[in-house]
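Residue numbers (full-length UniProt numbering), protein chains in the order written: chain A, 1 to 436; chain B, 1 to 105.
Don't read these hints as lab results, they were simulated from the structure.
Being a predicted model, the structure only gives us computed values, none of them experimental.
Don't be surprised by glycine CBs; every beta carbon is placed ideally from N, CA and C.
Treat each hint with caution, since some may be false.
Pulled a few chain B residues facing chain A out of the computed Cβ check, cut under 10 Å [unchecked claim]:
1) E15
2) G17
3) L20
4) Q24
5) I80
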Amino acid sequence: MKHETPLLNQLESGPWPSFVSDLKQQAEVRAKNEENIEFQIPVDAVEDLLGVLELSYVDGTTHWKHGGIVGVFGYGGGVIGRYCDQPQNFPGVAHFHTMRVAQPGGKYYTAEYLRDLCDLWDLRGSGITNMHGSTGDIIFIGTTTPQLEEVFYELTHKFNQDLGGSGSNLRTPADCIGSSRCEYACYDTQALCYDLTQEYQDELHRPAFPYKFKFKFDGCPNGCVASIARSDLSFIGTWKDEIRIDQEAVQAYIGGEMPPNAGAHSGRDWGAFDIQKEVIALCPSDCMKYEGGKLEINNKECVRCMHCINVMPRALRIGNDRGCSILAGAKAPILDGAQMGSLLIPFIKVEEPYDEIKEVIENVWDWWMEEGKNRERLGELIKRQGLQKLLEVTGVTPDARHVQEPRSNPYIFWKEEEVEGGWDRDIDEYRKHHQR
Amino acid sequence: MAQVDFKGKTFDVDEDGFILDYNQFCDEWIEYVKDQEGIDEMTDEHKLVIKVLQEYYEKNGIAPMVRVLSKLTKFKLKHIYELFPSGPGKGACKMAGLPKPTGCV
């Protein structure tokens, strides 16, 4: 290896897959170059990456310069520019840009597709990736500016593959695996995610928003893609009718023939399954009972938290009248505090071509694009102008489900037209009845 | 930091090719950036975008939001990309001599 890395070497021990060992392996593969690849960026890029990381381990600070504005023609985002602040010592990472590549729904791949991407990245990049970025993209880590258009050309022309999003735009949408491998999925998350990604390509590639905006699609309230915490508009599957109960299967759980939670707690002895203790008593709305060998659910009171279904997946199933809820405004702390999504649309059908859903999205965007301040997330605009304003622009009638609790302060705004006589009052008229 | 010499002028630029000092902006800079940014010929529309960006920057000390740029120039975002293939940030702001966009890009 080009640089000594005593601190990083310590991370090669232990049972977890070591990123240091993997990087060293990649550095060796590049050094040997048994496939005679005409590397388009420095051969020792990976060694220099380890070198600069070791330096950061030693002095406890980053060695990447501030910012970086690079990209491909036609797009305003997709590439994160990065330059090392010690280019003489680590020339292999003097340029070390990251490319975001749009990932398929649920991140299902074929070996052939991944091999193609790897061949491209071995030639034109460092060969290092992040599978995947938190937003969902396939991340190519480390290449030089002249290679950006080359990678983009090959991605689009050979592999029919586009870049992901970055900047003040619609970022790459992501979904849970949905109905592909989950019996809880209340809608086809991959279909909706794909359709909206294609529909809003323009918004994804060319920043036109006050700030970033994310979509995420969860098939049910379990939230396997964490849409309620990590997307400005969160689509969470649910149902409107009854939970379907298979009483025989309920008995199989009680009899111990089927493990609760599909065996998720089998690593420890929690005693025999007790439906009363583990299901009925834990139901948040207390709407279940088990009497005379029969499980009953008062579905009118059910909040569809998923607990009973999660515990007894073979006995309880989601309803048949399915759709999703839309929640708005999740964001990380900067600037005015972290937010999770707030319920905007309690229930909406998820049916191609998703016109109803697109209408909600576009109404939200019209409002936020006009009213949002520079670098103001949707969640912050909702705080600043009020949830009521969001309801108005989306044409949603306020109802009890929009709040966890009613306000406790009395600073209530009325619209002038709601108040008899309006706001224009004459003080002299008042004085006729009330002396000064 | 690097220096670029072009038609008798010298510019201090960063790795991304943005000038470090707005005062170094001159017509030669436009000519120099033009090729890097995929622009064949400067039209009046290009010049209008540059002018609007510079006036806004001189008055407000920041680059305008994309929406504001569209309003001031009356060009849709699509047209701005037709004029500046890298977009309003990397393309137009760079050519206008404005500081590099920052933040989560």
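Consistency of the hints with the structure:
no.: 1; hint: E15; verdict: holds (5 Å)
no.: 2; hint: G17; verdict: holds (9 Å)
no.: 3; hint: L20; verdict: violated (13 Å)
no.: 4; hint: Q24; verdict: violated (18 Å)
no.: 5; hint: I80; verdict: holds (9 Å)
Against the hints set out earlier in the document, violations occur for numbers 3, 4.
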